[in-house]
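Chemist: Sequence:
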Amino acid sequence: MKQSPAQRFKKNNLSVFVWILFIVGTLYLMGLLQNNGVARKELSYTEFYRVLTEEPSRLKVVTMSEDILQGEFVNGSRFFVNIPPDDKDLLALLRTHAPDFQVKPARTIWTNLLFSLGPVVLFIAFLWYFSYRGAEVGNRIWSFGKVKARLGTEPKEKVTFADVAGVDEAKEELQEVIEFLKDPKKFQRLGGKIPKGVLLVGPPGCGKTLIAKAVAGEANVPFFNISGSDFVEMFVGVGASRVRDLFEQARKAAKTFGRGAIIFIDEIDAVGRLRFSGIGGGHDEREQTLNQLLVEMDGFDPQEGIILIAATNRPDTLDPALLRPGRFDRHVVIDRPDIKGREAILKVHSANIKLAADVGLEAIARQTPGFSGADLANLCNEAALLAARYDKEAVGKKEMEAAIERVVAGPERKSRVISPKEKEIVAFHEAGHTLVSLLTPEVDPLHKVSIIPRGVAALGYTLQLPLQDRYIMMKSELIGRITVLLAGRASENLYFQDITTGSENDIEVATQMARRMVCEFGMSEKIGYLTLGHRQGLIFLGKNLSEERNYSDETAKIIDDEIKAIIDSCYDRARLLLEQNKDKLTLLANTLREREVMDAEEVKKLLGFAL
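Going by my numbering, the final residue of the sequence shown carries number 612, and the count climbs one at a time with no gaps.
Simulated from the structure, these hints should not be mistaken for laboratory data.
Distance windows between CB atoms, simulated: (1) 191 <-> 125: 55 to 65 Å; (2) 353 <-> 125: 54 to 64 Å; (3) 258 <-> 598: 55 to 65 Å; (4) 296 <-> 513: 37 to 47 Å; (5) 598 <-> 513: 22 to 32 Å; (6) 61 <-> 90: 17 to 27 Å.
Calculated pairs, SDA-like style, for lysine to any residue (alpha carbon to alpha carbon, straight line, at most 20 Å): (7) 194 <-> 326; (8) 585 <-> 498; (9) 565 <-> 478; (10) 159 <-> 352; (11) 398 <-> 465; (12) 398 <-> 370; (13) 527 <-> 560; (14) 605 <-> 592; (15) 355 <-> 389; (16) 476 <-> 560; (17) 476 <-> 446; (18) 398 <-> 360; (19) 42 <-> 77; (20) 61 <-> 50; (21) 197 <-> 322; (22) 89 <-> 57; (23) 398 <-> 379; (24) 527 <-> 552; (25) 253 <-> 185; (26) 398 <-> 600; (27) 61 <-> 84; (28) 565 <-> 532; (29) 558 <-> 532; (30) 398 <-> 448; (31) 605 <-> 465; (32) 348 <-> 170; (33) 605 <-> 594; (34) 398 <-> 349; (35) 393 <-> 407; (36) 42 <-> 66; (37) 585 <-> 608; (38) 424 <-> 587; (39) 476 <-> 516; (40) 422 <-> 493.
Built from N, CA and C at the ideal position, the CB exists for glycine as well.
Given these sequences and hints, build the entire structure.
Modeler: Printed below as a string of structure tokens:
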């Protein structure tokens, strides 16, 4: 019967334990045999000579063997003495003074060999066992420079394009790779060469790893999956050795299966980062690993059918030598899906979930702009967990919408105790956002308003969802968004004649939006159609690492004045709208204090807006 990995591991560990016990026990027994099983104290020749001549009564037994004297005192302690050869005077004294004197024959050559070479032989046998008989345990001793790639060839692990949705353009780009792996002669007969490397670029969670597995599944070839960080070690040269071993394994697998092979390196920026050429040097191990990777990609034989696929969400940090034609010939962008893509992804992830009749995936897709594939998978899972928590027979629309809010704003925190005064402030704050969003036609439609705390710091939220995906925005739309953001602060000031810290995030987002209007979008009359400030950052992660100031102090003052003018005008507009509809603001805030959560239809019905 075939043993499981756990059984083999247990058996190997037992063998290791038995061998260690055997070696330690053998060495211990050899020491005991050499010492007659008792610990002995070494005496100098002078000290023994004095005892023999002056205090012979202390001696009980003395035994001579070649150039060593060993014996026992009357008190039971044992000793040994190194003596010069052919000392006739000592032999005469022993005959005269030692009460019990014995002579043992010298050890034979075989005995000497046993005591001198025995430990060496045992050590060699120990290494031989672990090298050739220790299976997994022995292999680990010699595999420090071996690659840790995972080979995905099992049918249960097979992923195809049917499991990937929302990235139709990426599928088309990679379909050519699949056709080459299935029928390479189709391209070779016309002199065409398949790209050696395909770089998948996109934000986190958009399916780069999944689509790479799908390519391997569709082509039905060996698929080696490894992370870029697996190459980087503390010891210089280990990463380069692992790169060589990875490509060697891929070549062997390609010859064995006769269908080519795919190497997938996830997060390749961990090893392919731009090499440093300035003062102070760089990470020598990472650079050697990258150099070896470049060499292996240049050394591809087109007949081998080995294709390298890599994924990263930081393409701006990769070394140019890695991106040039001949290495990563093709760059495939896998971005966040649009409405149709999100609907297709929801169908894939909800295939094993029992949905109620009132759940429309198209409507859910409209409510999730900007969600990645991983976000949508999490959304379906959260909805299923919520339905199971309340013992529902199926996942309904209520659970799906609750899961959206959970993903966007975090879980509800009904246990957070809020004083009546703070609850009133939050209600008027959110009522200000809600009312101004209804009175500003150029902004996204209202979906829901809540004063239930969520996540870490949100005491309430007003949710607006677009009717369709947006890729460009007009100036009036940006002005409208800033107006809605500042409506919460305007409502507080209007009703309480005071302001609070609750608008911190609103003001931050509004200021950033106004700054981009002035410095990036050319929407300021005084600045004109200029881009001010050169940003260097992470493209897909959406973070700026640094900003180079390329304008004067006078221009900086104009920028500040323009930003303040936009913020002030939007705030005045929001306050004016609230003053003109103060009765509706009060009615909505008081209703929110009672209900805590209201959707768009309830709000419009309450305030008399057209549904």
